[in-house]
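Student: Can you build the whole structure from these sequences, using the hints too?
Residue 243 in the UniProt record's numbering is what sits at position 243 of the sequence shown, and the numbering runs on without skipping anything.
Just so you know, these hints were derived from the structure itself, not from any lab.
These numbers were taken from a predicted model, which means no experiment stands behind them.
In this text, a Cβ means the ideal position worked out from N, Cα and C, and glycines have one as well.
One or more of the hints may lead you astray.
Using 30 Å as the maximum straight-line C-alpha spacing, the simulated DSS-like pairs for lysine-lysine come out as follows [to be verified]:
#1 169 to 88
#2 169 to 220
#3 345 to 169
#4 169 to 196
#5 345 to 88
#6 196 to 88
#7 196 to 220
#8 220 to 345
#9 345 to 196
Ranges of calculated distance between the beta carbons of each label pair, as one might list FRET restraints [what the hints assert, rightly or not]:
#10 181 to 43: 40 to 48 Å
#11 343 to 149: 28 to 36 Å
#12 69 to 321: 30 to 38 Å
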Amino acid sequence: MPTERLINALQSYGVRLADSRAGAPSRRGGAGPSDHKAMTIAGRTVMVPVHTESAFDSPFLVRRPDANGVAVIEHDGVVIGRATFPGKPRFYALSTFDGVPYSKIAVLHGRDVLATTVLQTCIRYQSRTKTCQFCSIGQSLAAGRTVAHKSPEQLAEVARAAVLLDGVKHMVMTTGTPNATDRGAAVLCESAFAVKAAVDLPIQAQCEPPDDDRWFGRMKASGIDALGMHLEAVTPEVRARIMPGKASVPLERYQAAFEAAVPVFGRGQVSTYILAGLGDTPEAILAMAERLIAIGVYPFVVPFVPISGTPLESHPTPSPAFMHAILEPLAAMLAGADLRSTDIKAGCGRCGACSALSTYERAGGAA
1 MPTERLINAL QSYGVRLADS RAGAPSRRGG AGPSDHKAMT IAGRTVMVPV
51 HTESAFDSPF LVRRPDANGV AVIEHDGVVI GRATFPGKPR FYALSTFDGV
101 PYSKIAVLHG RDVLATTVLQ TCIRYQSRTK TCQFCSIGQS LAAGRTVAHK
151 SPEQLAEVAR AAVLLDGVKH MVMTTGTPNA TDRGAAVLCE SAFAVKAAVD
201 LPIQAQCEPP DDDRWFGRMK ASGIDALGMH LEAVTPEVRA RIMPGKASVP
251 LERYQAAFEA AVPVFGRGQV STYILAGLGD TPEAILAMAE RLIAIGVYPF
301 VVPFVPISGT PLESHPTPSP AFMHAILEPL AAMLAGADLR STDIKAGCGR
351 CGACSALSTY ERAGGAA
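Tutor: Rendered as structure tokens:
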């Protein structure tokens, strides 16, 4: 099976693990790739669901690693591939000067990405009539696995250690939405400024479009290298149903924000996260991707993964065929526009661990 198809299938179905202790700890709840585990397959480190409902019934089983750390991947008892697991990062053993474990400030995503949710609270999360139905940002906070607000000093301390001890190559800063004006841009600016003062690390910031386009220049000046403004869903009907609060920021505002941000950060350095499987058709996703690519925005399409404890915990995952119908033509569109994940300075698109998209990009280039 081609690597891109294998990774696509594993991320759609999830896997059963013979040894859940292998490699770095998996995550439950919180922002980012939750209920996943990092695995390296054919040289690509990807996040694969392991704690979801579909993973428990997955036809894919990852056996216990051998003495060399290599685990075979089976499909209904037939060996179809091999995987290794990135180890637990060394910076997890440390605590900040004020006594907070580093792992509560930032975590390792994929193989070499430091990720943090600067504000672990959100105005949308306070009400089930406004919250994004897939979001679990409050779960890790309620479980005591993180802190509500990571200070700039804490982030700088952890980032420097992650670079020195574990060779981290770039950083993702996301945030819950604190207000209906800057929508998190201000707290991201002060956080990035502190990190860049401590260590030379490319940073992607992620927030909803702020109400004033002047924030893009401020974010760039603070040391932010790349920007993510995430649509999640691409049609008004799906947005209103899945994320009623966030849908109050209309698609037109996202369009205008993308057009304003690309000249500031550069072509390909602005991206958006699109969750396939929430109700948008492949045709709708590809049509939106075509418009985004024309602006210079990288559309990072990932399979929706339902997280336990959220309203969508029993929502079905998209099939491998559904994802293939999006990722193969999308990779061709990106190649035609000369937009590459490898050219992104920092962030989810450059990491690529939560989607097989970058593997499709490479497969298309090889072909």
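Student: Look at each hint and say if it fits the structure.
Tutor: Each hint tested on the structure:
1. 169 to 88: Since the Cα atoms of residue 169 and residue 88 sit roughly 16 Å apart, the hinted pair holds (cutoff 30 Å).
2. 169 to 220: holds, 19 Å
3. 345 to 169: holds, 10 Å
4. 169 to 196: holds, 13 Å
5. 345 to 88: Holds. Residue 345 to residue 88 sits at ~25 Å (cutoff 30 Å).
6. 196 to 88: holds, 25 Å
7. 196 to 220: holds, 12 Å
8. 220 to 345: holds, 13 Å
9. 345 to 196: It holds: about 14 Å lies between the C-alpha atoms, which stays within 30 Å.
10. 181 to 43: 40 to 48 Å: holds, 44 Å
11. 343 to 149: 28 to 36 Å: At roughly 33 Å between Cβ atoms, residue 149 and residue 343 fall inside 28 to 36 Å, so the hint holds.
12. 69 to 321: 30 to 38 Å: holds, 32 Å
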